[in-house]
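Construct all of the structure, not just a fragment, from the sequences and the given hints.
Taken in sequence, the protein lines are chains A and B. For the first sequence, this note's numbering assigns the number 1468 to the initial residue and increments by one for each residue that follows. For the second sequence, this note's numbering assigns the number 114 to the initial residue and increments by one for each residue that follows.
It cannot be assumed that every hint is accurate.
[Stated by the list, open to error] What follows is a set of in silico ranges between Cβ atoms, one per label pair, in the way DEER data are often shown: (1) A:Asp1698 / B:Arg248: 43 to 51 Å; (2) B:Cys249 / A:Asn1606: 46 to 54 Å; (3) A:Ser1756 / B:Pro194: 31 to 39 Å; (4) A:Leu1552 / B:His123: 36 to 44 Å; (5) A:Tyr1733 / B:Glu188: 23 to 31 Å; (6) B:Ala193 / A:Ser1756: 29 to 37 Å; (7) A:Glu1531 / B:Gln211: 46 to 54 Å.
[Stated by the list, open to error] In silico contact screen, one side only, chain A against chain B (beta carbon under 10 Å); selected entries: (8) Gly1493; (9) Ile1497; (10) Thr1502; (11) Pro1505; (12) Met1507; (13) Ala1570; (14) Thr1572.
Treat the hints as calculated values from the structure; they're not laboratory data. Model, not experiment: these values are computed from the prediction. Glycine included, every Cβ here is placed at the ideal spot set by N, Cα and C.
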Amino acid sequence: MKAAAFAYSRPSGLDEACALLAADDGARVIAGGQTLVPLMAMRLARPTRLVDIARLSELAFVREDTDAIVIGATTTQRAAERHALVRDKLPLLARALPWVGHAATRARGTIGGSLANADPAAEIGLVAVTLDAELVFRNGAGGSQLRAAEFFLGAMVTALPAAGILTAVRFPVWRERVGVGFQEMSSRKSDFAFAAAAAQVALHPDGTVARVAAGIGAATETPIRLYAAADALQGTRPTPDTIRSAVTAALADINPMADLHASADYRRRLAGSLASRAIAEALENAKQSGGHVH
Amino acid sequence: MSTELTVNSHRYRVEVEPRTTLLDCLRDTLGLTGAHAGCEHGVCGACTVLLDGAAVRSCLMFAVQADGREITTIEGLTPAPGELSVLQDAFCETHGLQCGYCTPAMILAAHALLAGNPAPTRDDIVEAISGNICRCTGYAQIVEAVALAAERLRGANRPVEA
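This is the structure in structure tokens:
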């Protein structure tokens, strides 16, 4: 369990970091390292150089923008979890973060690192897809952004260019009052999920659904937003039966993963149950709290 | 690579390969063997140390990443040689350990919890040590130890109310 030898650089700015990555095909970015270091220990990853961006202060921030909260890529999961803007304006992310790893890994692990790593079971990616977040990256002198659903291509595979660096993620904030729900199942708390589900709901004053966003993660190679379920529930007063049938229909075409611990059939059923529960939880949350007024 | 670490309030300058984990640096270079090597890939929690006050896994970090940072190991928690901290004493009193392999890490995880939350609920305690595996105790007496230490620390040196 010892990593292979590599060179280490701690660039003082993003330009220098991009140059280091562009100069060496085997170079990789490290921020919190909570996934990369174990992969290196097991020699599943053998980077020739680590470019440490953890201390680039320009990448560590949480700030409010027009109808969005923007989180810098190297913001630790712990810092985001404790941030008042996340708690008040991004309740779905606040609800999901305690499910990410353990306190000791959230102290080092970053928001951007989890997204760039693209583990299918990652909670932050699920929230990003559910809320249709935008991922902002630098690539040499240029840069661009991608919607979360376009960013995740497969298990641990993203659309980030090889020498690109994820710099921030922009989570839309809804103006209506919202309620949130998050559900996850694993063999033990904080282990890799078999399936997870996230939901955010906004209600009209009369109690009917104004907007709903729901997504599932861990069951499939990338998180999936359940647009069909949202369409079916919009404008209605959902009941457990209508939620269940909307979710079941939305999951008809998914292609769940299978492994020793959870078969594809189990993951499909579990994803359906958890998505139904997450939506019900979000509805209840919206009713009880009176929602979040922005 | 030349790296400067402040460990238990002592400043050290060490020469390490970039691939040397903080855990191996503490144990092999600095001789601080209280941080234990368990799984060495971030699953068991036995290598937990405090980095700028937060519990982290020292096997999931290279020593060069800790350059200039403050680290506390179990050796740094005792008030004086031969003495025990309130938390350590509570672990003895409730018999919160058997083989002892996970104990330094459990105590550091609990220390980080109590530093920010003087009155943790049982759920808070369970959550705080959820990343630390113990194969002997069944955890019940560990939770009891942390609750006992919290109670004692709450009662200690409390300012008199006006």
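Using the nearest Cβ pair, does Pro1505 of chain A come within less than 10 Å of chain B? holds (4 Å)
Can Ala1570 of chain A be said to touch chain B, with a Cβ gap under 10 Å? At 6 Å from the nearest chain B Cβ, Ala1570 of chain A passes the 10 Å test, so the hint holds.
43 to 51 Å was suggested as the range; check whether the CB atoms of Asp1698 of chain A and Arg248 of chain B agree with it. holds (50 Å)
Does the beta carbon distance between Ala193 of chain B and Ser1756 of chain A stay inside 29 to 37 Å, or does it fall outside? violated (50 Å)
Is the hint on Thr1502 of chain A kept, meaning its closest Cβ partner in chain B is under 10 Å away? holds (9 Å)
With 10 Å as the cut and Cβ atoms as the points, is Met1507 of chain A at the interface with chain B? Since chain B brings a Cβ to about 8 Å from Met1507 of chain A, closer than 10 Å, the hint holds.
Could you say whether the range 46 to 54 Å given as a hint is met by the Cβ separation of Glu1531 of chain A and Gln211 of chain B? Cβ of Glu1531 of chain A to Cβ of Gln211 of chain B: about 50 Å, so the range 46 to 54 Å holds.
Is 31 to 39 Å respected by the C-beta to C-beta distance linking Ser1756 of chain A and Pro194 of chain B? Given about 53 Å between the Cβ atoms, the range is violated.
Regarding the hint that Thr1572 of chain A lies at the interface with chain B, is the smallest CB-CB distance below 10 Å? holds (7 Å)
Distance restraint hint 23 to 31 Å, applied to the beta-carbon atoms of Tyr1733 of chain A and Glu188 of chain B: violated (47 Å)
Do the beta carbons of Leu1552 of chain A and His123 of chain B sit within 36 to 44 Å of each other? holds (38 Å)
Classify the hint on Ile1497 of chain A as holds or violated, based on whether any CB of chain B lies nearer than 10 Å to its CB. holds (8 Å)
Violated hints for the displayed structure, listed by number in ascending order: 3, 5, 6 and 8.
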